[in-house]
Amino acid sequence: MLNYQAPLDLAFQALADPTRRIMVERLSRGPASVSELARPLDMTLSAVVQHLAVLEASGLVRSQKVGRVRTCRIEPTALHSAERWISERRASWERRLDRLGAFLVETDPTAKPPRRKK
Amino acid sequence: MTVRNTRHATFTIERVYPATPARVFAAWSNKEAKTAWAYCHPEWPVSEHVFEFREGGREHLVTGPAGGTRHVFDAVFHDIVADQRIVFAYDMHLDERRISVSLTTIEFFAVAGGTRLVFTEQGVFLDGYDDIAGREEGTRIGLDNLDRQLRQQRAA
Amino acid sequence: MTERSTKHATFTIERSFAAAPSRVFAAYADVKSKARWFGGPEGWGKSNLKLDFKVGGRESESGGPPGGPVHYYNAIYQDIVPDERIVLTYEMHLDKTRISVSLGTTEFKPAGAGTRLVYTEQAVFLDGHDDAGGREQGFGGLFDQLARFLEMQ
Chain A
1 MLNYQAPLDL AFQALADPTR RIMVERLSRG PASVSELARP LDMTLSAVVQ
51 HLAVLEASGL VRSQKVGRVR TCRIEPTALH SAERWISERR ASWERRLDRL
101 GAFLVETDPT AKPPRRKK
Chain B
1001 MTVRNTRHAT FTIERVYPAT PARVFAAWSN KEAKTAWAYC HPEWPVSEHV
1051 FEFREGGREH LVTGPAGGTR HVFDAVFHDI VADQRIVFAY DMHLDERRIS
1101 VSLTTIEFFA VAGGTRLVFT EQGVFLDGYD DIAGREEGTR IGLDNLDRQL
1151 RQQRAA
Chain C
2001 MTERSTKHAT FTIERSFAAA PSRVFAAYAD VKSKARWFGG PEGWGKSNLK
2051 LDFKVGGRES ESGGPPGGPV HYYNAIYQDI VPDERIVLTY EMHLDKTRIS
2101 VSLGTTEFKP AGAGTRLVYT EQAVFLDGHD DAGGREQGFG GLFDQLARFL
2151 EMQ
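Sequences listed follow chains A, B and C, in order.
The numbering used here applies: residue 1 is where the first sequence begins, and numbers increase by one.
The numbering used here applies: residue 1001 is where the second sequence begins, and numbers increase by one.
The numbering used here applies: residue 2001 is where the third sequence begins, and numbers increase by one.
FYI, nobody ran anything at the bench for these hints, they're computed from the structure.
Hints may be right or wrong, so weigh each one.
Claimed, not checked - A few chain C residues that don't get close to chain B, going by computed Cβ distances all over 12 Å:
#1 Ala2009
#2 Ala2029
#3 Glu2059
#4 Val2081
#5 Ser2102
Said to hold, decoys possible - Some chain B residues judged to face chain A by a derived CB distance under 7 Å, without partners named:
#6 Pro1021
#7 Ala1022
#8 Ala1026
#9 Cys1040
Don't be surprised by glycine CBs; every beta carbon is placed ideally from N, CA and C.
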């Protein structure tokens, strides 16, 4: 049996949790160590580390340990693709509203026909 | 196994058209007029289109690339104020899969020179929409890139 | 002539219940169960809830304080995933006036042996009838009633 989850599914699951959304928002402003990420959150460090594991598994965040400090940063392409399909829906309506504009110009009953030169 | 997800989003689009609110509203309320501009992909054949423009009425539209995915649009009109406002709810299916449910508000405001149209969509996006749509989009992007490369080669 | 306007709003409410997702979902899916917790406060009269729980099915209820305006609730089910999710759209009327149209998403997430329920409403309030958080408070009260119903089962 296939145990594959589409990348967007993982990203959405990761973002469905409010704590993880807070962490991702913080990282969108710049990289942070795990303890910096944990500071504003009202939970144990191990709970934070668990949330981080979900974010890394989803591809939204990656981290690197140098010495004793683990630094996390956002993966911009992954987050972008999670928003992409909503912006596609918006873009599709934008195109239609543009075509509405063209239709209204074409069907304007007050438009004078072009004058033909004799 | 389908992974269940929901993602909520709201977006607003505005346009100003050089036409009266009555004309712009008519482009939404009249089936013939609507079909002249409202199809997402005008090049796709339309296999079904039901249009009942009244409160409680529905719209049902089935299109898609020939031999490809069926795109199904189903709407119910909730609130209609002539020349001023339309509120409808719609869902989208790709083949059998429901990918979104949305509440859409369209308002028509008279302004100098015509009509300001304000389009607001509040939607919930469901369950791995990327599988089918992402492939189509990916293919389209791929073809665009190929096209660009070929043009560059020809220009060189 | 009525002054036309709209106000769009989104809110999310989360609640935890000790009951498993299938039990909480059942409280939504069965009309007899739902009538025991879904409705106006006491004093609004007996429940007249009608429910056809299937995609495309309709739900309705009405009520109000004695001598006051009647609140009408009319919903259409858009998406149902058993024990996991319900999406519906609904209208509210006060007497003959439509005051809002909403998209409501209810998710039933397993949390240990219990359920974390997440309700998201995206609403358009019509013609000045927005209520500065009254709708959200109303749902808070409904979830209190749901909690009491589940405890009593």
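Evaluation of the provided hints:
no. : hint    : result
1   : Ala2009 : violated, 9 Å
2   : Ala2029 : holds, 17 Å
3   : Glu2059 : holds, 14 Å
4   : Val2081 : violated, 6 Å
5   : Ser2102 : violated, 7 Å
6   : Pro1021 : violated, 11 Å
7   : Ala1022 : violated, 12 Å
8   : Ala1026 : violated, 10 Å
9   : Cys1040 : holds, 5 Å
In summary, the structure is inconsistent with hints 1, 4, 5, 6, 7, 8 from the numbered list given earlier, while agreeing with the others.
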